[in-house]
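Asks: All chains should be built: construct the whole structure from the sequences, respecting the hints.
There are 6 protein chains.
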Amino acid sequence: MQNAQGGALAPPLAVEPFYLPAGDEVELFEQCHHNKLAVMLKGPTGCGKTRFVEHMAWKLGRPLVTISCHDDLTASDLIGRYLIRHDRTIWQDGPLTAAVRAGALCYLDEVVEARQDTVVVLHSLTDYRRTLSIDKTGEMLEAAPGFQLVVSYNPGYQRMLKDLKPSTRQRFVTLDFEFPPPDREAEIVVRESGIEPSQARALVELAHKLRGLQDRGLAEVPSTRLLVATAQLIGRGIPVRRACRVALIAPLSDDAALVGAMTDLVELTFP
Amino acid sequence: MQNAQGGALAPPLAVEPFYLPAGDEVELFEQCHHNKLAVMLKGPTGCGKTRFVEHMAWKLGRPLVTISCHDDLTASDLIGRYLIRHDRTIWQDGPLTAAVRAGALCYLDEVVEARQDTVVVLHSLTDYRRTLSIDKTGEMLEAAPGFQLVVSYNPGYQRMLKDLKPSTRQRFVTLDFEFPPPDREAEIVVRESGIEPSQARALVELAHKLRGLQDRGLAEVPSTRLLVATAQLIGRGIPVRRACRVALIAPLSDDAALVGAMTDLVELTFP
Amino acid sequence: MQNAQGGALAPPLAVEPFYLPAGDEVELFEQCHHNKLAVMLKGPTGCGKTRFVEHMAWKLGRPLVTISCHDDLTASDLIGRYLIRHDRTIWQDGPLTAAVRAGALCYLDEVVEARQDTVVVLHSLTDYRRTLSIDKTGEMLEAAPGFQLVVSYNPGYQRMLKDLKPSTRQRFVTLDFEFPPPDREAEIVVRESGIEPSQARALVELAHKLRGLQDRGLAEVPSTRLLVATAQLIGRGIPVRRACRVALIAPLSDDAALVGAMTDLVELTFP
Amino acid sequence: MQNAQGGALAPPLAVEPFYLPAGDEVELFEQCHHNKLAVMLKGPTGCGKTRFVEHMAWKLGRPLVTISCHDDLTASDLIGRYLIRHDRTIWQDGPLTAAVRAGALCYLDEVVEARQDTVVVLHSLTDYRRTLSIDKTGEMLEAAPGFQLVVSYNPGYQRMLKDLKPSTRQRFVTLDFEFPPPDREAEIVVRESGIEPSQARALVELAHKLRGLQDRGLAEVPSTRLLVATAQLIGRGIPVRRACRVALIAPLSDDAALVGAMTDLVELTFP
Amino acid sequence: MQNAQGGALAPPLAVEPFYLPAGDEVELFEQCHHNKLAVMLKGPTGCGKTRFVEHMAWKLGRPLVTISCHDDLTASDLIGRYLIRHDRTIWQDGPLTAAVRAGALCYLDEVVEARQDTVVVLHSLTDYRRTLSIDKTGEMLEAAPGFQLVVSYNPGYQRMLKDLKPSTRQRFVTLDFEFPPPDREAEIVVRESGIEPSQARALVELAHKLRGLQDRGLAEVPSTRLLVATAQLIGRGIPVRRACRVALIAPLSDDAALVGAMTDLVELTFP
Amino acid sequence: MQNAQGGALAPPLAVEPFYLPAGDEVELFEQCHHNKLAVMLKGPTGCGKTRFVEHMAWKLGRPLVTISCHDDLTASDLIGRYLIRHDRTIWQDGPLTAAVRAGALCYLDEVVEARQDTVVVLHSLTDYRRTLSIDKTGEMLEAAPGFQLVVSYNPGYQRMLKDLKPSTRQRFVTLDFEFPPPDREAEIVVRESGIEPSQARALVELAHKLRGLQDRGLAEVPSTRLLVATAQLIGRGIPVRRACRVALIAPLSDDAALVGAMTDLVELTFP
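Residue numbers (the UniProt record's numbering), protein chains in the order written: chain A, 1 to 271; chain B, 1 to 271; chain C, 1 to 271; chain D, 1 to 271; chain E, 1 to 271; chain F, 1 to 271.
The reader is advised that the hints may include incorrect statements.
Derived DSBU-like pairs: lysine-lysine, alpha-carbon spacing no greater than 35 Å straight-line [to be verified]: (1) A:36 x B:165; (2) F:42 x A:165; (3) C:209 x B:36; (4) F:59 x F:42.
None of these hints come from the bench; they were simulated from the model.
Replies: Shown next, in the form of structure tokens:
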């Protein structure tokens with residue numbers, strides 16, 4: 001039996017990925033890593049969770065394996081499967097198994113989207129056992145040193161019938177993520193779009209007001225990523241209000257009342 | 001391992017596809033393209049979204065890959081799968097993967113029809129990463145320059161239990177599409193059917209009245225495409241009222257009251 | 001890669017199939033054909049829609065491909081699939097693909113029974129594109145001249161949760177079908193069963209009364225086909241009332257009150 | 001391509017199967033056969049529908065193919081499928097296809113249990129076309145002379161969400177079946193169990209009373225088959241009341257009140 | 001085509017399995033066997049149904065095939081399937097087919113757990129036909145002499161949406177099973193655990209009291225099997241009350257009130 | 001036919017796994033083992049059930065097979081399946097079959113997560129038969145001496161529609177597990193984290209208070225494992241309150257009121 005793919009994970013990043021820490025999250029993550037504790041990153045869409053994981057993988061010198069979770073992700077997708085070849089059957093490691101063997105950081109993005117039966121295979125990797133049972137080959141794999149499980153979780157909007165089991169939640173040290181404070185958010189917008197700092201600060205101010213609409217029915221508030229997209233269009237010559245319309249407001253809602261309220265806030269900010 | 005299909009995408013169109021811009025949508029799309037921002041085209045059926053994408057692909061000199069979304073479209077349909085051959089297994093790129101490799105425009109028509117777990121594979125292609133993770137081969141593919149994701153979305157009629165996740169919506173700059181203004185719509189009808197401009201204008205006037213019935217229960221209003229079909233039958237000698245009946249009214253509703261109201265409007269317009 | 005089946009469609013019919021036009025449906029269909037417009041035939045069970053399509057295929061000299069729609073009809077069933085052979089994998093066109101290649105009339109019977117995700121593959125064949133995207137082979141097929149899509153739709157009885165999307169409905173010119181007027185219906189009954197014209201007229205008169213019961217709970221009214229079956233039994237010597245009982249009333253309902261009402265009408269008609 | 005099975009259907013029965021006609025059902029069935037009309041046998045469990053079909057197959061000299069319908073019966077189960085062999089793929093006819101080729105009677109027992117999408121494949125076999133479209137091979141099969149479709153249907157107990165579509169019901173001449181009249185039922189019981197005619201008549205009298213309980217909640221009334229089983233146990237020396245208990249009452253209900261009422265009737269009949 | 005497995009069923013048991021008859025069930029079963037009648041064993045968990053079947057198989061000198069029913073048991077699991085081998089496809093009989101060929105007793109344990117579509121394949125084996133239609137091979141198999149179908153059914157606790165169809169129920173002579181009377185139950189406990197007869201009688205007395213709690217919410221009452229397990233722990237030196245706690249009470253409920261009531265009864269019995 | 005995997009189970013552990021008994025659970029388990037009784041371990045997440053099983057396997061000198069149960073665990077996953085190789089098909093034992101052959105302890109973790117149809121295959125292994133029926137090979141396997149089935153069950157939080165059938169529950173002697181008493185829990189925290197005993201005792205005191213919040217809506221109370229994780233972070237220099245926040249409170253709830261109440265308790269304990 002041999003592995004179908006060379007299976008070499010991408011090596012750890014050589015260049016430091018841009019990340020501005022908001023508090024003690026880097027230190028906490030490092031201590032979890034050294035204590036072999038799994039970590040959950042909790043916070044809204046587009047607030048920097050993915051970048052933080054890339055940053056920590058670079059800082060800790062570990063390869064990073066990212067898996068986007070969804071309803072159809074099966075345990076086999078994570079662990080691996082047999083492939084039929086001409087004259088033999090070969091086993092192919094899934095991304096989780098590859099990470100366990102290589103001692104990589106394994107990042108499951110939006111873990112709540114995965115089915116519970118898929119999540120359950122993570123359990124034995126998150127306690128003192130640090131093992132992965134590969135039912136199909138009968139192998140009981142011990143995680144290489146440096147392996148760490150990281151998951152992200154966005155509590156911001158309602159999901160029907162979907163939640164992590166409490167017995168799963170308890171297996172993760174939980175770091176809360178928020179949007180960056182205004183100054184740092186403006187700094188990010190300038191860096192990624194090249195617009196004037198004053199315009200960036202006005203955009204961040206607008207975002208702050210829009211985020212206040214969550215109680216009035218906005219399913220999810222605008223992320224830093226939306227601000228950057230808006231700023232990029234502005235930087236390419238699109239009028240400010242028009243850029244806000246297509247890149248900031250329209251992606252947030254189809255509801256006429258909400259769109260109206262948001263348009264008013266745009267016009268207040270950019271009179 | 002080799003690709004089962006030659007996999008050569010159709011080259012960019014040599015002839016400009018007919019498209020009459022309604023506003024700044026061409027410029028906005030171009031700026032999104034240059035900023036590597038994904039775009040959502042929002043608007044009713046048959047208002048020209050598909051033609052706009054074909055036009056932009058021609059204008060930007062990119063190949064175009066179109067995918068009609070539906071409930072059974074799996075991540076594997078988008079990304080690719082292994083095929084068994086006599087003496088080996090070969091990997092076949094799906095249309096999304098092919099577009100990512102070729103730097104094509106990839107257009108997902110009626111994206112809201114796709115399952116959320118299928119949509120989620122688009123996420124890493126719509127932020128700064130611009131990567132596609134091909135779980136089954138372990139490949140992490142970076143999008144070629146010029147690759148751009150475009151989706152269409154029709155908010156006009158109610159869907160049960162189906163909507164895009166807010167965290168997906170936020171990943172797309174959103175361009176609103178409406179039916180063309182009367183003059184341009186009449187111009188299109190003349191061009192595609194060859195009927196008299198005065199008749200075309202009367203048809204457009206009728207369409208305008210019919211669109212006003214949406215609040216009275218019409219699930220969807222008549223599209224420009226319906227007007228063209230009606231005009232084509234008129235151009236072939238079918239009496240005007242009869243052509244309106246089979247090509248304009250009957251396709252819109254089975255409800256006797258609504259059909260009656262629509263017939264009255266036809267008779268008012270073509271006394 | 002080669003086609004598993006010879007794939008030769010049945011050639012166009014040499015003998016004119018019997019069809020008595022009820023109005024301008026033949027001319028309308030011909031004009032739609034020449035304008036490459038898809039057509040929906042709307043009307044109750046057994047009123048002659050299938051025969052009409054066979055007639056038009058003969059008249060237009062096109063091969064005819066008929067597909068009975070149902071809940072489990074997949075896009076692959078329509079488009080085609082790979083079959084594994086001893087030393088290679090071959091592609092087999094589905095009936096829709098075969099019709100697209102051959103420029104045939106493709107008739108989807110009771111299209112509302114199909115799943116929406118199956119119906120959606122028809123979209124690109126019903127607008128100016130006239131293309132069929134074969135995801136599995138990467139082929140983008142242009143419809144041969146003469147290809148035309150025809151669907152049938154029976155609005156007569158309630159379906160739970162099932163209806164065509166408005167954006168699909170708008171893609172079809174819609175021809176309404178009704179039962180033939182009494183004289184023609186009697187003529188058909190005589191021709192197909194050989195009974196006396198007077199008996200045929202009495203049967204048609206009875207059918208007319210039975211169709212009036214729809215408002216009193218009859219799920220579907222008796223078709224011309226039912227009248228023919230009844231007449232055939234009468235022609236073989238079965239007593240008239242007994243033939244009406246087994247071939248006309250019993251197939252329509254199990255409800256005692258409705259069966260009683262229908263029996264009364266039989267006895268009134270054949271005292 | 002060759003057929004995996006020799007495919008020879010069992011030849012028509014040489015010995016006349018025992019069947020006592022209750023009315024004109026034999027003549028009606030013969031006339032339907034000669035007019036190529038499909039037939040539905042409607043009546044309660046165990047009243048002789050299966051025997052009647054066997055009898056008619058013998059009388060008409062046709063082979064008989066019986067298919068028990070259920071929720072998981074697919075169109076492929078009826079029509080056929082490809083089987084992979086060492087050096088080729090062969091096509092195997094399903095039982096319906098085999099019957100169509102051989103001009104057999106094809107009996108679908110309890111057709112209402114089948115899924116609608118399976119039933120729909122029968123449609124083209126039940127009208128003037130008499131064809132079966134084999135999608136997977138592209139074959140359009142014409143039914144051999146003598147082919148006739150027969151289905152059974154038990155309206156006796158409630159089914160949730162399950163019923164034949166009216167457009168399917170209309171395709172079958174419908175023969176009603178009831179339990180045989182007392183004398184003939186007693187004759188059958190004697191013939192099949194060998195008990196005394198007086199005991200058989202008492203059992204039939206008891207069955208008549210039990211059938212009167214249907215309005216009081218009995219899901220289904222006792223069949224002739226149950227009477228025969230009871231009589232067989234009596235014939236082997238089991239006390240009459242005990243035989244009624246285990247073979248007649250216990251199979252009908254777990255409900256204490258109903259079981260009590262039935263026991264009272266047994267004790268009244270066999271004091 | 002050859003059978004993948006040697007397929008030899010285990011021969012009939014040489015040693016009589018221990019079974020204490022409670023009434024006339026042995027005689028009734030024998031008479032059903034001789035009349036080729038299928039039998040249903042109805043009664044609570046752990047009251048000896050499985051042992052009874054083993055006993056009858058030994059007494060009648062027939063092999064025994066046992067099948068545990070569950071939601072995923074398919075008709076193919078019962079009947080058989082094709083297996084692909086290197087140079088041919090072979091047919092493998094399922095356990096039902098093997099029993100039909102060998103004239104074995106075929107015992108379907110907890111038949112109500114099976115899907116209706118799986119149960120329906122039993123129908124033709126339970127009436128005068130005694131045949132099994134093997135759709136996939138086209139074989140119509142007649143049951144060997146001695147073949148008998150036996151099913152078990154536990155009416156003791158509620159099942160949502162699950163019940164046997166009345167038309168299935170009617171196909172089985174039904175034998176009721178209860179727990180053995182106190183003396184015999186104590187005798188069984190002594191025999192299987194080796195504890196003192198007085199202690200066994202006290203345990204049986206306790207069981208009798210616990211069974212009285214069914215009306216107060218106990219989903220299922222303690223079986224003889226539970227008493228034996230409790231007695232075995234007592235026989236190994238575990239204190240009586242502690243043994244009752246872990247082997248008798250805890251397996252029956254998590255509900256604090258019910259556990260309290262049961263504990264009181266234990267303390268009353270073993271003060 | 002040969003086994004695809006060497007199939008050698010891991011040999012029994014050579015070093016005693018750390019386990020502090022809380023009562024007579026070790027003796028009870030040993031007696032169940034000698035009486036071949038299956039055992040259920042009932043108690044909250046993270047209270048030491050898994051360690052207890054590892055300890056007992058070591059003490060009894062048996063290999064241990066652990067299976068994490070989930071919704072998609074099929075009977076085939078437990079029992080085994082055929083794998084296709086180049087020139088033959090081989091049978092691969094599943095983990096349950098491997099344990100049955102080797103006389104191992106087989107531990108099904110969180111058995112309530114498994115589907116009932118999967119659980120049902122355990123039945124014949126938990127009564128006097130001690131057999132496993134391998135339907136696919138026709139093998140009836142007797143459990144080797146020393147084989148014992150152990151399952152865990154967490155009654156602490158509500159599950160919709162999921163529970164063990166009473167007839168399954170009755171097959172297991174049930175041992176209750178609780179969190180260890182304060183002194184022993186503190187001893188465990190010290191041993192696994194190296195923090196000061198006084199800090200460990202304060203943490204245990206805090207846990208005791210948090211566990212009192214279950215009646216106020218906490219889905220699951222903090223486990224010993226959470227205390228250890230918190231202590232490990234404290235031991236690496238993270239401030240106590242911050243460590244409690246990320247490792248003790250955040251994993252338990254997203255609810256603002258509950259988080260507030262828990263934070264108050266943290267501040268009370270570590271002022």
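Asks: Determine for every hint whether it applies to the structure shown.
Replies: How the hints compare with the structure:
1. Restraint check for residue 36 of chain A and residue 165 of chain B: satisfied, since their Cα atoms lie roughly 33 Å apart, inside the 35 Å limit.
2. Between residue 42 of chain F and residue 165 of chain A the alpha-carbon distance is near 17 Å, which keeps this suggested pair within the 35 Å criterion.
3. Distance hint between residue 209 of chain C and residue 36 of chain B is unfulfilled; the C-alpha atoms sit about 68 Å from each other, more than 35 Å.
4. For the hint linking residue 59 of chain F to residue 42 of chain F, the alpha-carbon distance of about 21 Å falls within 35 Å, and the restraint holds.
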